[in-house]
Structure formats: C-alpha cells, structure tokens
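Novice: As a plain string of letters, each chain reads:
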Amino acid sequence: MPQVEFSNIVKRFGRVTVLEDLSLTVQDGEFLVLLGPSGCGKTTLLNMLAGLQDVTEGTITIGGRDVTDLDPKDRGLAMVFQSYALYPTKTVRGNLKFGLSAQKLDRAEIERRVTWAAGLLQIDQLLDRKPAQLSGGQRQRVAIGRALVKNVDVFLFDEPLSNLDAKLRTEMRLEIKRLHQELEKTIVFVTHDQVEAMTMAHRIAVMNGGVIQQIDTPDEIYERPANLFVARFIGSPAMNTLAARIETSGQAIAAIHGPSGVRMDLSDYAFRTPPKHGDTVVVGLRPEHFIVGETAEPTGAVFTLPVRYTEKTGSDVTMFLDNGEKDLISVRFDHKHHHVPITGEAPPVWFPKDRFDVFDAASERRI
Amino acid sequence: MSTQATTAATAAAGVRSKARKKKRISGSSITIMVFLTMCAAFVSVPLYVVIVTSFKTMDQIALGDVFALPTTWTIEPWITAWSEVCAGMTCEGVSHGFWTSMKILFPSLILSIGVSSVTGYALALWKIRWAGTFLFVLFLCAFVPFQIIMIPLVVLNSSIGLFGSIWAVAIVHSILAMPLLTLIFRNFYKDVPEEIVNAAIMDCGSFWRIFIEIILPMSANIMIVVLILMITTVWNDYLIGLTFGGVGTQPMTVILANTVITSFGAVKYNVDMAAALLTAIPPLVVYFALGKFFVQGITAGAIKG
Numbered sequence: 006m007p008q009v010e011f012s013n014i015v016k017r018f019g020r021v022t023v024l025e026d027l028s029l030t031v032q033d034g035e036f037l038v039l040l041g042p043s044g045c046g047k048t049t050l051l052n053m054l055a056g057l058q059d060v061t062e063g064t065i066t067i068g069g070r071d072v073t074d075l076d077p078k079d080r081g082l083a084m085v086f087q088s089y090a091l092y093p094t095k096t097v098r099g100n101l102k103f104g105l106s107a108q109k110l111d112r113a114e115i116e117r118r119v120t121w122a123a124g125l126l127q128i129d130q131l132l133d134r135k136p137a138q139l140s141g142g143q144r145q146r147v148a149i150g151r152a153l154v155k156n157v158d159v160f161l162f163d164e165p166l167s168n169l170d171a172k173l174r175t176e177m178r179l180e181i182k183r184l185h186q187e188l189e190k191t192i193v194f195v196t197h198d199q200v201e202a203m204t205m206a207h208r209i210a211v212m213n214g215g216v217i218q219q220i221d222t223p224d225e226i227y228e229r230p231a232n233l234f235v236a237r238f239i240g241s242p243a244m245n246t247l248a249a250r251i252e253t254s255g256q257a258i259a260a261i262h263g264p265s266g267v268r269m270d271l272s273d274y275a276f277r278t279p280p281k282h283g284d285t286v287v288v289g290l291r292p293e294h295f296i297v298g299e300t301a302e303p304t305g306a307v308f309t310l311p312v313r314y315t316e317k318t319g320s321d322v323t324m325f326l327d328n329g330e331k332d333l334i335s336v337r338f339d340h341k342h343h344h345v346p347i348t349g350e351a352p353p354v355w356f357p358k359d360r361f362d363v364f365d366a367a368s369e370r371r372i
Numbered sequence: 010m011s012t013q014a015t016t017a018a019t020a021a022a023g024v025r026s027k028a029r030k031k032k033r034i035s036g037s038s039i040t041i042m043v044f045l046t047m048c049a050a051f052v053s054v055p056l057y058v059v060i061v062t063s064f065k066t067m068d069q070i071a072l073g074d075v076f077a078l079p080t081t082w083t084i085e086p087w088i089t090a091w092s093e094v095c096a097g098m099t100c101e102g103v104s105h106g107f108w109t110s111m112k113i114l115f116p117s118l119i120l121s122i123g124v125s126s127v128t129g130y131a132l133a134l135w136k137i138r139w140a141g142t143f144l145f146v147l148f149l150c151a152f153v154p155f156q157i158i159m160i161p162l163v164v165l166n167s168s169i170g171l172f173g174s175i176w177a178v179a180i181v182h183s184i185l186a187m188p189l190l191t192l193i194f195r196n197f198y199k200d201v202p203e204e205i206v207n208a209a210i211m212d213c214g215s216f217w218r219i220f221i222e223i224i225l226p227m228s229a230n231i232m233i234v235v236l237i238l239m240i241t242t243v244w245n246d247y248l249i250g251l252t253f254g255g256v257g258t259q260p261m262t263v264i265l266a267n268t269v270i271t272s273f274g275a276v277k278y279n280v281d282m283a284a285a286l287l288t289a290i291p292p293l294v295v296y297f298a299l300g301k302f303f304v305q306g307i308t309a310g311a312i313k314g
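Protein chains in written order, with my numbering: chain X, 6 to 372; chain D, 10 to 314.
So here's chain D without its partners, still in its complex pose:
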C-alpha cells in the first residue's frame, strides 16, 4: 500500500511540474515569437498597403498616409485596371493579359504534364535501355538556368516561325519544365509496388492501357502537386512571356509591368495596385482550392504502403 501511495504521489508531482513547465515562457520562445511576427509583418504589411490603396481614391492617396484605411471605399480603380488602363499603346486593361495568360497556361499544362508523366512512367516501370544515363541528363537539364539558353531558344523559335505567338510561350514553358516534372513523376512511379505492375503486365501487355487504366488513376496526389507547381510557375513568369510573346500575345505579368510604367500625368497608384492584385488572384485561388491536397500529395510519397 505504502509503495503504491508513494508512486501515486511522485506521479502527481511529475504531472504538476510538467504543467508548471508548460506555462513558463522561456527566453528562446520569445525570440522565436518576435522573429515569426517580423516575418509575418514583412509579408502582410505591404500586402495590407496594396489592398487598402487599391480601394482608395486618388485624392486620398495624394495626402500620403499609406497605412490609413480608405475614407471612401471605391471599386473604380479595379474596374479601370481590369478593362481600361493603358499598357503602352493599347488601352484594354489587364483583362487582355488575363485571357492571354489563360491561353498560355492550358497548352503548357497539357503538354508538359502529358509528356513528362508518360516519360516518368516509362523510366520508372519499364525496362528502358540507357534509362540511367537519360535520368542523369535530365537531372543536369533541370539545373540549367533559363537565361543561359534564352538567346539560342529565341533564334530556334523564330527559325520555325513560332516566335511571338502564344504557342511559342507555351512550348518554351513546357520544355523548360519537362526535366524537373519527369524526375518528379519518375520518382513517384518508382514507388508503385512492383507486383502491381507485374500483375498488370501479365493481365495485359499494353504500355498505354496499363498507364491509362492502372497508373494514371493512382497519380492523383502527384498530379495536384505538379499542377500547383506548373500553374504558379507559368502564371507568375515574366521573362519567358516578355522574350517570346509578341504584341498582343504577352501574358498578364508583362501587361501589368507595362501598365505600371506607362503613365499620363500623375501615377495612379490605386489602379496599379488593383492591377497587381488582379494578376495575383489566380495562383491564390489555386492554392486555396488545392492546398489541402498539395500537402497530402507531398507526404503521400513518404508513407505510402
């Protein structure tokens, strides 16, 4: 009995000391809190300024208090930014750029994901001669900076008559993304249990049927990861759009930049801010819609049974 009582007492004491420990805020955790708050402020304060400015009238902006809330809320700058603002000589708003970006985005997605998923599947699950060498070359390609091959690519594009079209931008996007995407797909498919592939090979020898009926339905997680990666890269890209897009085929980011540097008289900060926010909305929507799956997709590879 007495021993039991003592153990109970020590256990209770243990709990109490643990609880006490939890309440105390140590110096290091204060440092971390301050650091994290600074990090958060670093992003959120400018964002706050951008958002409030886009709803202000030019009269209020002229007063110069950037942190103040709008005295009169107006959506006028948003409408102007979407449909009226001038980018260089054309005054169609950023909406034109939005549609161009969409037209670039979809072919790039289909082309890059289509080709790289099939290549990754072939490399991971079929006996391919020189597969190792090919992977190594892909690995090297994934690390070549775009700027190095930009001029040869422009020459190549113009020689086949694509330069300046939407397709030029889309194809360059797809090709540049392929090495990395192929590696991602290949690594994902390498984890597909060998016996499932063997069973499929015995049931049906067809490369395409196995891919479409068995492998592709198992790829939802990695598809979402790759989709988010590609949508944000393609949408946020500026350099490829600027160099390969011609007049009227430049993506939203380029239009935005042109809008901001084009001014007649006073700089319309509210319109510029609204245009910037409009450009940033699509990737945000993608993140919010698919973010949950994105995390699942990243961890799925780690604990797949």
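Chain X extracted, bound-state conformation:
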C-alpha cells in the first residue's frame, strides 16, 4: 500500500498565498484527518492531492510515484464529496459503474465489484433507484460505494458527514471506521468537526492559515497541544487560557493570574524550557479537568470566583466564572457529584496539579 507524500507544497491563487512550503507524509494504511477552521487550506490540500487543483510549487508522490502533474483519473485515488455529488440522471448502479466502465474493465468484473460494494454498504436494494429517491444517509453510502468499487489504495473524504443530521453522522462515522478497519486502505479525511477527527483518526493534522500547527495522535493533540491555536481549537467547551506571570522561589515555580490573583502551582509541570521569574505565559485549563467541591487530589490552583451563569446539558453542567476579564472561565462537571451553584455564588473550584498546559505568551508555543 502506498504512502502519500507532500513535499514543500506552495499554492497561490493569483497573489494570495494559501499554502506556503507545506510538507506532510501520510503513512500506509493510515487514517489521517486534516482538521481546521474553514479557509485554513485543508480542502485545497485535498483537491491538490486529487488533482482537481494545480500545485504552484512542490511535489506530491503516491507510493513513490510523482503524481504532481498527472490527470485526476490516473492517480489511483477515489474521493467522496461533501454534497455526495451523485450523478442525478443515473441509477445507483449507474453511479457505481460509471468510473469502472471508463477504466474499460470487463463486464463480469464490474458486476462483481458493484455487488461487493453494495453488499458491504447495505445498498443492494437501492441499486435501481435514482439519487433523488434516496435519503441523505443512503446517498452518502452510495457516494462511498462509488469510491470503493474503484479498488484503489488511497481514499479521500471531503467533509462527507457535514450534510447529515446528528444521529446519521454518528452512524456513518462508525461505518467509515469499520470500512477502514476491514479494507485497511490509506484515508485522508478533511473535516472541521473535531469530534469526527478525535473519534476516527490515527493521526490528526491541525491546520490554520495554510500551516500545519500540529500533527499527532488524537490523544497527544488533546493532552499536549503544541500551541495556543491547537489548545483552543480542540476540546468543547474550549480550553480556558489565562495570561499569567511566572514567580519562582527556589524549586517552586508558579504562575500568578493578575485580575483574579489566583496562584497556579506549576512545580509538577514538565517544562521543555523552564521560564524565568517575571516571564509572561498563558496557562491553559480544560473545563472538564476542574473539580468542584472537596478533593483528595493534589491541587494546583483554587478558584473561588462568582458564578455568572450555568448551562445544563444532560449529565453535564458548564458554569461560567467571572475572573475579572472579558472571557469567563468555563468549568464543566457532573451535577450528580455537586449541586448546581446559583448565579453570584462562589463555590471553590480546584484544578489538578498535573493537568496544566503552559504556553509562551509571545510565541504562543507550548513550553
């Protein structure tokens, strides 16, 4: 199975540079997710791999073969589009067959592949229907089927689930994961939905402004975000980020948040480059790591701030604390373990000592 390699890719539209010197390797059989906000260049990157957009500079290889200037159909890829892009006048069978008859395969082989894909995706009964007679989920299955029958090694998905409703999206997510496990093909999957990325990917490449911010496993990206952008982009509700000043005294190192005066004990934090006394840093605290009420864990900080308002979402509660700045601190907890505070109340909220993320204030990188 081939590995996909982007080397020093530059993409310009007229004078606007979308991607600047981007390099990325997708391993054999890997499920790589390109994740980022809209306009970050992830779809452009995918389209360039597919051959639908030209590369301004740089090369793309698939399995060692330079495909930079090849026609899309000769690259050995199959793509699933956001809007399904089924051929409206063809039946499901016709949709599946079109790419194969263009490859001049013999009829028995085409039949065999169509039957195989239809069985795999449970669309056997729909083969003689037109796309207009299918539901959203069925259309998406047909679109995936159209990619599967081509029997290629690399599959491209361009936000394929964003047109589905929440329930179907979860179903199709599992479905795609199952197909990947069964077929073991290389998949490049573009999305702006972090849940899709976290649940499906082997590795996630988080992109912003045409630059890959971090490429790592979902766990690593969640636990150790490389910079502030990744830290704020991954996780829901978003990570709280507090600007603070470093204070050192002997072995002890702490960050003091100015407006609230909260002291965050960073003695257990694994610094890459330890900051000096008086440096300004940004400390990240994930809302779900807070502990409301009593705890036996070693705590790194205690917040006793007034509650502005609370939001209940089923089992969880998110409360927003006023820390004297524009952005409130969000704290998520299970309301079975603690009663939901009312507005104005200031319950003590603890943050575990080993859960901090610290970033340099100027470079926004993790330190």
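Think of the hints as simulated: they come from the structure by calculation, not from any bench.
Just so it is clear, the structure is predicted and the values come from calculations on it, not from any experiment.
There is no bait here: all hints are sound.
Here are the computed lysine-lysine pairs in the DSS-like style, where the Cα-Cα straight-line distance is at most 30 Å:
hint	chain 1	residue 1	chain 2	residue 2
1	D	K136	X	K78
2	X	K95	D	K199
3	D	K199	X	K135
4	X	K109	D	K136
5	X	K135	X	K109
Chain D: place on chain X using the hints.
Specialist: Just chain D now, kept in the frame of chain X:
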C-alpha cells in the same frame, strides 16, 4: 376567558373585513381588465377573421362582411392552398414550401444545438484559456443585427458554392443562432454543481464521455427551451430564406408571401388565409406540445438545488 373572546371577535372581524375587501372591484382593477381585454382582442379578432375567412366561399367573401360566420363551410381553400396555389411561376401549393422548411429546420437544429451545447459545456465546466474573452466576443456577436452582415454572408456563401441551396439557409441559421445558444448553454451548465463535475473528472477524464453520459442527460430542460426557440425562429424566418434560398429551396414563409402577391384576376382571400394558417401550424404544435416543459425549463435554472 374574556380576553380569549375578544381576540376571537377581532379575528372574526378581520376575516369579515378581508372578505368584504375581496368582493369590491376597485377602479384600478377595472382599468386592468379593460386593458387586458383590449390586448386579447387585438390578437384574437384578426385571428378569428383569418380562420372564418379560410372556410368561406369566394361568393360570401365578395359580400364584404368580414366578421360573419361562413354560410356554407368549405375546406376547398385549404386544399387549394396546400397543393394547388401558385407562387410565382410554380403552382404546387404551399406544401412544397412546407417540406423545404422541414429540410432546413432539421439540419439547423442539429448543427446549432450540437455545436453550441458542446461549446457551452466546455466554457462552463472546463478550464479554457481565454474563456472570458471568448464569452465577451460571443456576447457582442449575439447583438449584431443580421442585416448588417447579410451582403458579406451572401458573397461568402456564393464563393464556396453553397448559395441558393437548402444547406446555405440551414448553415446561416445555425451560425447566426450559435452565439446566443452558446451563452444560454454556458449559463445553464455553470449551475451544474462543481462537485458532480469533479467526481466525473476523477471517475473518467474523458471530455466526451462526461458530456454524453453525465451532462447531456441533465440538460433536458434547457434543450426544450432551446428547441422551441430555434424551431420558431427558423420556421418563422423570412429574410434569410428569401436571400439565401434559390428557386425551389425557399422556405414556406417565402412561398406564402409569393402566393399572396401572385394573383390571377380576383384575390382569393380564403386561399391566402388558409395558406397563412398552414404556415403557422408547426410552431403552434410545438408550443402546445412542449409549452409545459418550456415554463419548467425557464424556472428550473432559478431554483435548481
């Protein structure tokens, strides 16, 4: 309770006042009715006269009451018009012109729609160098009046030996229609979702296969619009047929005109009317048969999902 009752009462009053308003015919609507009636009469009264006259005998026409119904209905004028009436020196009726028009119509349709749909498809969905400039030139061409380029076209036609043949008329029709048709097709294909085209390009890189298998089957609506447009233009044309058609290759409209101006003795109004109606029938048939699709085709572009 009392508040509910009041709201119900006001609602009822609202309905009543609305209903009352509907019944009253205002001054402006009377004006509109009169205007529309005049418009309708403007077309339908002459049409009525043409139809009744074509069924009258010459004796009754001589009496001069144009609005009267035929005292004795006769289809004699229709038969004469179709197969016997003289146009200039030939006396074969307008039927000869009918067949010539058909022979002009089909090549013009195939040539103009064939070339312009492929050009429109290429301009809309493929990356073509200078496509913008080309479109602008087409746009300009669509507005050049035929009369301006008529004489150069005649010279051009005769120099390649086409002048006076059915093909001359058909080709001139096709070429003159192409700029407009290409623009129509190009605008229609521009609305084909980009992802469908991308999917097709990834499945099969062939320009022609994508056109024939994917794009053409999606074009039914616009094809009907263009068909109606072309059939009526080509069939109703007089000037191109007159200038480029030779003896025996002139379309029905030219034959009709010659029939009407050729007379031996008394003018046979009934035959003239019948001939005119015979000439008008084909576009009418097309409208009635395809009119429903025509409206669908026009609106399809507006709300296409």
